[in-house]
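Undergrad: Chain by chain, the residues run as shown.
Protein chains: 2
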Amino acid sequence: MEALGKDVVGLTVSAPVPVPLKGEGCAEEEVGVVEAKGERGGGAKGTLRSEGSGEVAVEGLRTQVSPYQALPTSSKIVRNLAEAQPVMVFKNEEERKKAVSKVIKDYAALLKQRTATHMGYPYNLAFEYGDLDCLLKYCINNLGDPWIESNYGVHSRQFELGVLNWFAQLWEVDQKEYWGYITNCGTEGNLHGILVGRENLPDGILYSSEESHYSVFKAASMYRMDYRKVSSLATGEMDCEHLKTLLEENKDKPAIVNVNIGTTVKGAIDDLDRVIEILYDVGYTEERFYIHCDGALFGMMIPFIKEAPFVTFKKPIGSVSVSGHKFMGCPTPCGLVITRSKYIDALSDDIEYLNSRDATIMGSRNGHAAIYMWYTLTMKGYEGFTEDVKKCLKNAHYLHSLLFSKGIRTMLNERSSTVVFEKPNCGEFIRKWQLACQADIAHVVVMPNITKEKIDQFVGELMESRARA
Amino acid sequence: MEALGKDVVGLTVSAPVPVPLKGEGCAEEEVGVVEAKGERGGGAKGTLRSEGSGEVAVEGLRTQVSPYQALPTSSKIVRNLAEAQPVMVFKNEEERKKAVSKVIKDYAALLKQRTATHMGYPYNLAFEYGDLDCLLKYCINNLGDPWIESNYGVHSRQFELGVLNWFAQLWEVDQKEYWGYITNCGTEGNLHGILVGRENLPDGILYSSEESHYSVFKAASMYRMDYRKVSSLATGEMDCEHLKTLLEENKDKPAIVNVNIGTTVKGAIDDLDRVIEILYDVGYTEERFYIHCDGALFGMMIPFIKEAPFVTFKKPIGSVSVSGHKFMGCPTPCGLVITRSKYIDALSDDIEYLNSRDATIMGSRNGHAAIYMWYTLTMKGYEGFTEDVKKCLKNAHYLHSLLFSKGIRTMLNERSSTVVFEKPNCGEFIRKWQLACQADIAHVVVMPNITKEKIDQFVGELMESRARA
Numbered sequence: 034m035e036a037l038g039k040d041v042v043g044l045t046v047s048a049p050v051p052v053p054l055k056g057e058g059c060a061e062e063e064v065g066v067v068e069a070k071g072e073r074g075g076g077a078k079g080t081l082r083s084e085g086s087g088e089v090a091v092e093g094l095r096t097q098v099s100p101y102q103a104l105p106t107s108s109k110i111v112r113n114l115a116e117a118q119p120v121m122v123f124k125n126e127e128e129r130k131k132a133v134s135k136v137i138k139d140y141a142a143l144l145k146q147r148t149a150t151h152m153g154y155p156y157n158l159a160f161e162y163g164d165l166d167c168l169l170k171y172c173i174n175n176l177g178d179p180w181i182e183s184n185y186g187v188h189s190r191q192f193e194l195g196v197l198n199w200f201a202q203l204w205e206v207d208q209k210e211y212w213g214y215i216t217n218c219g220t221e222g223n224l225h226g227i228l229v230g231r232e233n234l235p236d237g238i239l240y241s242s243e244e245s246h247y248s249v250f251k252a253a254s255m256y257r258m259d260y261r262k263v264s265s266l267a268t269g270e271m272d273c274e275h276l277k278t279l280l281e282e283n284k285d286k287p288a289i290v291n292v293n294i295g296t297t298v299k300g301a302i303d304d305l306d307r308v309i310e311i312l313y314d315v316g317y318t319e320e321r322f323y324i325h326c327d328g329a330l331f332g333m334m335i336p337f338i339k340e341a342p343f344v345t346f347k348k349p350i351g352s353v354s355v356s357g358h359k360f361m362g363c364p365t366p367c368g369l370v371i372t373r374s375k376y377i378d379a380l381s382d383d384i385e386y387l388n389s390r391d392a393t394i395m396g397s398r399n400g401h402a403a404i405y406m407w408y409t410l411t412m413k414g415y416e417g418f419t420e421d422v423k424k425c426l427k428n429a430h431y432l433h434s435l436l437f438s439k440g441i442r443t444m445l446n447e448r449s450s451t452v453v454f455e456k457p458n459c460g461e462f463i464r465k466w467q468l469a470c471q472a473d474i475a476h477v478v479v480m481p482n483i484t485k486e487k488i489d490q491f492v493g494e495l496m497e498s499r500a501r502a
Numbered sequence: 034m035e036a037l038g039k040d041v042v043g044l045t046v047s048a049p050v051p052v053p054l055k056g057e058g059c060a061e062e063e064v065g066v067v068e069a070k071g072e073r074g075g076g077a078k079g080t081l082r083s084e085g086s087g088e089v090a091v092e093g094l095r096t097q098v099s100p101y102q103a104l105p106t107s108s109k110i111v112r113n114l115a116e117a118q119p120v121m122v123f124k125n126e127e128e129r130k131k132a133v134s135k136v137i138k139d140y141a142a143l144l145k146q147r148t149a150t151h152m153g154y155p156y157n158l159a160f161e162y163g164d165l166d167c168l169l170k171y172c173i174n175n176l177g178d179p180w181i182e183s184n185y186g187v188h189s190r191q192f193e194l195g196v197l198n199w200f201a202q203l204w205e206v207d208q209k210e211y212w213g214y215i216t217n218c219g220t221e222g223n224l225h226g227i228l229v230g231r232e233n234l235p236d237g238i239l240y241s242s243e244e245s246h247y248s249v250f251k252a253a254s255m256y257r258m259d260y261r262k263v264s265s266l267a268t269g270e271m272d273c274e275h276l277k278t279l280l281e282e283n284k285d286k287p288a289i290v291n292v293n294i295g296t297t298v299k300g301a302i303d304d305l306d307r308v309i310e311i312l313y314d315v316g317y318t319e320e321r322f323y324i325h326c327d328g329a330l331f332g333m334m335i336p337f338i339k340e341a342p343f344v345t346f347k348k349p350i351g352s353v354s355v356s357g358h359k360f361m362g363c364p365t366p367c368g369l370v371i372t373r374s375k376y377i378d379a380l381s382d383d384i385e386y387l388n389s390r391d392a393t394i395m396g397s398r399n400g401h402a403a404i405y406m407w408y409t410l411t412m413k414g415y416e417g418f419t420e421d422v423k424k425c426l427k428n429a430h431y432l433h434s435l436l437f438s439k440g441i442r443t444m445l446n447e448r449s450s451t452v453v454f455e456k457p458n459c460g461e462f463i464r465k466w467q468l469a470c471q472a473d474i475a476h477v478v479v480m481p482n483i484t485k486e487k488i489d490q491f492v493g494e495l496m497e498s499r500a501r502a
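Protein sequence lines correspond, in order, to chains A and B. Our numbering puts the first sequence at residues 34 to 502. Our numbering puts the second sequence at residues 34 to 502.
These are calculated hints, taken from the structure and not from any lab test. Keep in mind it's a predicted model, so treat the numbers as computed, not measured. Watch out, some of these pointers could steer you wrong.
As the list claims (entries may be wrong) - The calculated lysine-lysine pairs, modelled on DSSO-like cross-linking and capped at a C-alpha distance of 30 Å, are:
| # | chain 1 | residue 1 | chain 2 | residue 2 |
| --- | --- | --- | --- | --- |
| 1 | A | K375 | A | K348 |
| 2 | B | K375 | A | K131 |
| 3 | A | K124 | B | K339 |
| 4 | A | K131 | B | K424 |
| 5 | B | K124 | A | K339 |
| 6 | B | K413 | A | K170 |
| 7 | B | K130 | A | K423 |
| 8 | B | K131 | B | K170 |
| 9 | A | K424 | A | K439 |
| 10 | B | K286 | B | K413 |
Claimed, not checked - Short derived list, chain B residues pointing at chain A, Cβ under 8 Å:
| # | residue |
| --- | --- |
| 11 | P119 |
| 12 | L144 |
| 13 | L158 |
| 14 | D164 |
| 15 | L168 |
| 16 | Y171 |
| 17 | L194 |
| 18 | R257 |
| 19 | Y313 |
| 20 | T365 |
| 21 | M395 |
| 22 | Y408 |
| 23 | G414 |
| 24 | F418 |
| 25 | G493 |
Beta carbons: idealized from backbone N, C-alpha and C, even for Gly.
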């Protein structure tokens, strides 16, 4: 793997808590105003604490739902404004075909346009699966456990196994010692990892930072698990000192820790090594903790950054999950989760209802997803992904500098392509560029389809929208 | 809707518990021998009880996993024999493209062949989505709640809403009073329905028949719910008398009842009206019970059978789920679930971690699935589905008669297209026709792609394989 240039790895936090400029923008909706409450310690990484950052200011707002996958937002719940496309009824076959064709054609044009001006979500929209069109004729279903023979023949298990083996090698776990499967999305990976943790440590408490993906605490609710929410630093990273305090308070109970390999909003990477160190310090042995790594986005990026902290099964982790439609790029949401075989054996034994092995969350599973992932891994290879990561980090740096130079508060974590900045006031601008917002901040996740030219256009339009206000 | 001919709706159970003929077939694996333990009452429907049918004989076997979506089977756990298709590494771009092209071409040929000789699973493999090839270029993601505006623009919510409204009308619930979403598969629908039940009745006990889909009891395990397994009749239908006994024993606790609209193996329909009657009889009021209807396969078929029992929200049910890749036919697994808005409101309030509405199980959701479903509903219409159902029931009747005439024990429930028969002894035959087997029985689920000609070929080869043994 080629080392990355200095210019893309030395980024630091320039403005830990972005604050919106008051009275600017074509305010279509109220924007919460949050101010930084000061530092705790110093330095660029992991020391600025978002001390209850905005808890008071946004308290009322926290009861609202956000457009960004149910994260709290500062705007009101907006009921879906899209008109339903009704199922149409026809008497005449020709009319039917004509009308349906038109709907699809118009819709494809809309998708093309929206794809062209997308910046907000961590989805790589630059992919090409034309070769695979011919597979759309088949109902490809990898139902059940990938490791158990199924009689349903129209499956893609061979591709699934190829992909799983590739990731097992990436994360350094022997083929005989891992188990995994291709999931429907990042949420399924987290639901699985945490369930495996709970089944192995039934009275374990779940620990995860407040900036974790919402599916982590959803899992706790679904699974009726006790949990503790760990504070985050201003960077978005887990506050390990707070984790230590919580572990000490509950050391009679096993610990299930979710470690974020890239938080959803700020792209911060929790310090896995420090988490492990703390667990040992507090007196936990390996039998009494389980670590799940949520690597939805960065799980697929950091292996290609030389200086980045390394996720590996040589460390005492239990599972890692990653999304397929994020950095890799894929027409349908998908992902994968890998865990140690020994944990799955425990899981299967516990399902007394079945008296059989039923180790996946879903039953029927998308077989096309396995082929998309296999195809991309084969077509790009290590070199391709290394190039893509390099380009994204470079462009993220460029966007960050450009925003900064224009006087817009912005933040970029080290080894991250998630550029955080103050939420634009103009609703129309937010919608056009499909920005994911949380409270008073927005972000752009720089993916391979986001070029320098697109960044220039984006920042240009942002400045225009501010000038208009 | 057109009424179906007498010939397709008057089928009765001809041999309630299929017993394999001993000493026949090219036995590649041991086949469990189960004998019927006699009747309890009489008549064709709902009265023959599979009194612990084979519990002793198959006890050891029940600890094995089956190829049929983790149902217990009579054969050993077979580790996946398929070779992994490794992610390939190339130095030369031309070589890479050539090799990948060959892999995909060979794989497409394999899929074609396997699709042609598929009989066992309830998947309609006769579909045509050629018009939608152009959408494979886009990452279509309906992340989160379909009713909450998302900033991610590359979605298909308008199609999702169209499909949901269609089903709401089918199941007679007012647009303002329902909530639902398009799921990844039947399991997600059941996980959702049962979770909604639990969140509304937190100390409720889950009741479901022993022939329910395995995801129902998986839900109980995941959600840490108390549950009772209700006995089944020989037909596969829930034994309502046993349900009554269990409810009386536990009437201090609310009841969450899963009603099967078509069981997985025998295609039996639980008696929804009788279940409701029993709940009232035992003293339950509507506030103290929740009914989820698992209509994975038949939820999409019985609305088109005039004499069939009717699933409707005019009855006090909580939710219904159905699969999209089963009777409708779809390249990827999918489905949908519909519930009453009032139940979702309760669910959302309960998720205190989020302080926001996060009502779907998955986060990112397959946007293509919504378009496939919309497309099929529009292209076929009521008439098309009525025709399809008619054809399937007719062909199921034909297969059942043919097997019976050849001296093979077989069973076909009323208004079902699932033909159950003794499990063939020849492993090669089972694999070729991709039969789903449980213990000593196999089934063919007659879907629109299974023609009379294919049935003739199938029975012909079955008889040959028996003669060879």
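Undergrad: In ascending order, which of the hints set out earlier in this document are inconsistent with the structure?
TA: 2, 10, 19, 24 and 25
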